[in-house]
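**Student:** Protein sequences, first through last, are from chains A and B. Counting in the working numbering, the first sequence runs without a single skipped number right up to 274 at its last residue. Counting in the working numbering, the second sequence runs without a single skipped number right up to 282 at its last residue.
Keep in mind the hints are simulated off the structure, nothing from the lab. One should not assume that every hint holds.
As the list claims (entries may be wrong) - Derived lysine-lysine pairs resembling DSBU-like cross-links, with alpha carbons at most 35 Å apart:
#, chain 1, residue 1, chain 2, residue 2
1, B, 222, A, 216
2, A, 116, A, 59
3, A, 216, A, 116
4, A, 88, B, 222
5, A, 88, A, 216
6, A, 216, A, 59
7, A, 88, A, 116
8, A, 76, A, 59
9, B, 222, A, 116
As the list claims (entries may be wrong) - From the derived model, a few chain A residues whose C-beta atoms are all more than 12 Å from chain B:
#, residue
10, 106
11, 127
12, 155
Note that CB positions come from ideal geometry on N, CA and C, so glycine has one too.
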Amino acid sequence: MIGTNRSRDDHAAPLIVADSITVAYGTDPVISDVNLTIEPGDLIGIVGPSGSGKSTLLKALLGGIQPRAGTVTRRKSLTVGFVPQVEKIDWNFPVTVAECIGMARASGWRTPWISKAERVEITDVLDRLGLQGLGSRHIRDLSGGQQQRVFLARALFTGAEVIFLDEPTSGLDVRTRHEVLHLLGDLNSEGVTIVLSTHDLNGIATHLPTIVCLNKRVIGAGAPEDVLVPEVLEQTYGSPMQILEHGGMRVVVDGGPDSSVLPFRRASGDGVGS
Amino acid sequence: MNWGDLTEPYAFEFFRNGVYVATMAGALCGLVGCYVVLRNMSYIGHGLSHAIFGGYAVAALLGVNLFLGAGLWGVLTALVIGAIVRRRPIGSDAAIGLVTTASFALGIALVARYPNNGRNSDALLFGNILGVRSSDVWIVGVVGIVAVAFVLMAYRPLLFTTFDEEVAKATGVRTTALDTMLMVILSATVLATMNVMGVTLIAATLVVPAVVARMLTDSFAKMLVIATVLGAVSGFAGMNLSYHHDLPSGSTIVLVGTAFFLVAYLGGGRLRRRAGTVAHAH
Numbered sequence: 001m002i003g004t005n006r007s008r009d010d011h012a013a014p015l016i017v018a019d020s021i022t023v024a025y026g027t028d029p030v031i032s033d034v035n036l037t038i039e040p041g042d043l044i045g046i047v048g049p050s051g052s053g054k055s056t057l058l059k060a061l062l063g064g065i066q067p068r069a070g071t072v073t074r075r076k077s078l079t080v081g082f083v084p085q086v087e088k089i090d091w092n093f094p095v096t097v098a099e100c101i102g103m104a105r106a107s108g109w110r111t112p113w114i115s116k117a118e119r120v121e122i123t124d125v126l127d128r129l130g131l132q133g134l135g136s137r138h139i140r141d142l143s144g145g146q147q148q149r150v151f152l153a154r155a156l157f158t159g160a161e162v163i164f165l166d167e168p169t170s171g172l173d174v175r176t177r178h179e180v181l182h183l184l185g186d187l188n189s190e191g192v193t194i195v196l197s198t199h200d201l202n203g204i205a206t207h208l209p210t211i212v213c214l215n216k217r218v219i220g221a222g223a224p225e226d227v228l229v230p231e232v233l234e235q236t237y238g239s240p241m242q243i244l245e246h247g248g249m250r251v252v253v254d255g256g257p258d259s260s261v262l263p264f265r266r267a268s269g270d271g272v273g274s
Numbered sequence: 001m002n003w004g005d006l007t008e009p010y011a012f013e014f015f016r017n018g019v020y021v022a023t024m025a026g027a028l029c030g031l032v033g034c035y036v037v038l039r040n041m042s043y044i045g046h047g048l049s050h051a052i053f054g055g056y057a058v059a060a061l062l063g064v065n066l067f068l069g070a071g072l073w074g075v076l077t078a079l080v081i082g083a084i085v086r087r088r089p090i091g092s093d094a095a096i097g098l099v100t101t102a103s104f105a106l107g108i109a110l111v112a113r114y115p116n117n118g119r120n121s122d123a124l125l126f127g128n129i130l131g132v133r134s135s136d137v138w139i140v141g142v143v144g145i146v147a148v149a150f151v152l153m154a155y156r157p158l159l160f161t162t163f164d165e166e167v168a169k170a171t172g173v174r175t176t177a178l179d180t181m182l183m184v185i186l187s188a189t190v191l192a193t194m195n196v197m198g199v200t201l202i203a204a205t206l207v208v209p210a211v212v213a214r215m216l217t218d219s220f221a222k223m224l225v226i227a228t229v230l231g232a233v234s235g236f237a238g239m240n241l242s243y244h245h246d247l248p249s250g251s252t253i254v255l256v257g258t259a260f261f262l263v264a265y266l267g268g269g270r271l272r273r274r275a276g277t278v279a280h281a282h
């Protein structure tokens, strides 16, 4: 239902199709009747408030949890990668950057140690993500942006065709957030399909080609200019929101017409002055 | 003390067997303990050994092979704990506390009610090196080989599962199978080690080498190697010291490990900082 008009190759089969899926841990469904198609080359942001089922939808698409109703169909032998929230990582765990990346190639018969050929691959991935020479560092001894990129490197190292990121920018400062966003854009233009969840409308969602607004069900999906409208946002977030047009970008603001947009723009470092 | 004094106990077969078992068991517990500590399940070794005590009593009562009966009991206990934890909302610490103490209590009750069954319960509780037979050497050896083979063959998926189980599971790693296998090996380790260490001290041989190794390195592979070596050295040195100073084997081995910990802990600011993070992990 989305992404068809944006995929690079309209003839290619979709990578993942979720067909009216409902997922529940206990009795109440976390998400219900969700339809979503991920095509090769997509860059999709799943947007919604806390508890709206974003992470659950990601895991259902990955195959980590089985839907109670509906089906998720993944293209045969599709490799997927998952970048967890930075807050969910045990940063005291004894792994170096190279060990962290190497462990993800976990299927089939593998040597315990990282082979010479793999070491070259890891060096390439680290270079590609701007993490040169950090392979033997402990994961805690990195900056926030570097930590995020290590887990992206891990997904790339497995040869993932689709990379899922759960709240990739939470806990990062504005500059690092922009770096991560640019990196994701670059990877996407190199052919990696990317699906991320975020609650950050202005920092992330408005910059993406495709947005899915989720609150237990899909409220709206499509390009930001079609989806970021007051009705969809109010249904998604449960409170009235305004959309302002600024320098060709859409800016979403909380509350009534008196709210000022300026604090947002200052905070995002775009240099909009008084 | 001269060389002759040091080698004197090696004339006795029981002592040689004891040294073999203590050294191999130390290495085995050091290796397996890394996974136990990093999964925040340090208490499980303690709990399992108590549970297996109950298994011994039940096996003795039923007249089945003690090792096999207690082994099955231990594996069953570990699996029940795993199942309770997966179901939520009960945490692993509470699940371990519940299942293993119930099993221990059952063991005590059975030993009291049918006192003539099976082995000397004091030896099981506190460890007795005089009770080590050459069959015990073989058992520890076989369990050790199986554990090393498992760690080598499943190294990456096991590390992935230990580090972030959710992501491993989401990207196709068979985490439940790995967890189950680790529990089986842990049970076998506790069972094979119980004669030397005793129920009450096994937890220390699992936890201490892994904690000291964590303080000395930030690399997982190095941590496994250091913990295995430290466990073996503690077992070997502890056995020898226990003979010369007429001390119980289990507690001497644990005290040697504790001495390593103190050296590492007091070894400098860098190490002390890490000690804080390890302690926090519990």
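**Student:** Identify every previously stated hint that the structure contradicts and give their numbers, smallest first.
**Tutor:** 1, 3, 10, 12
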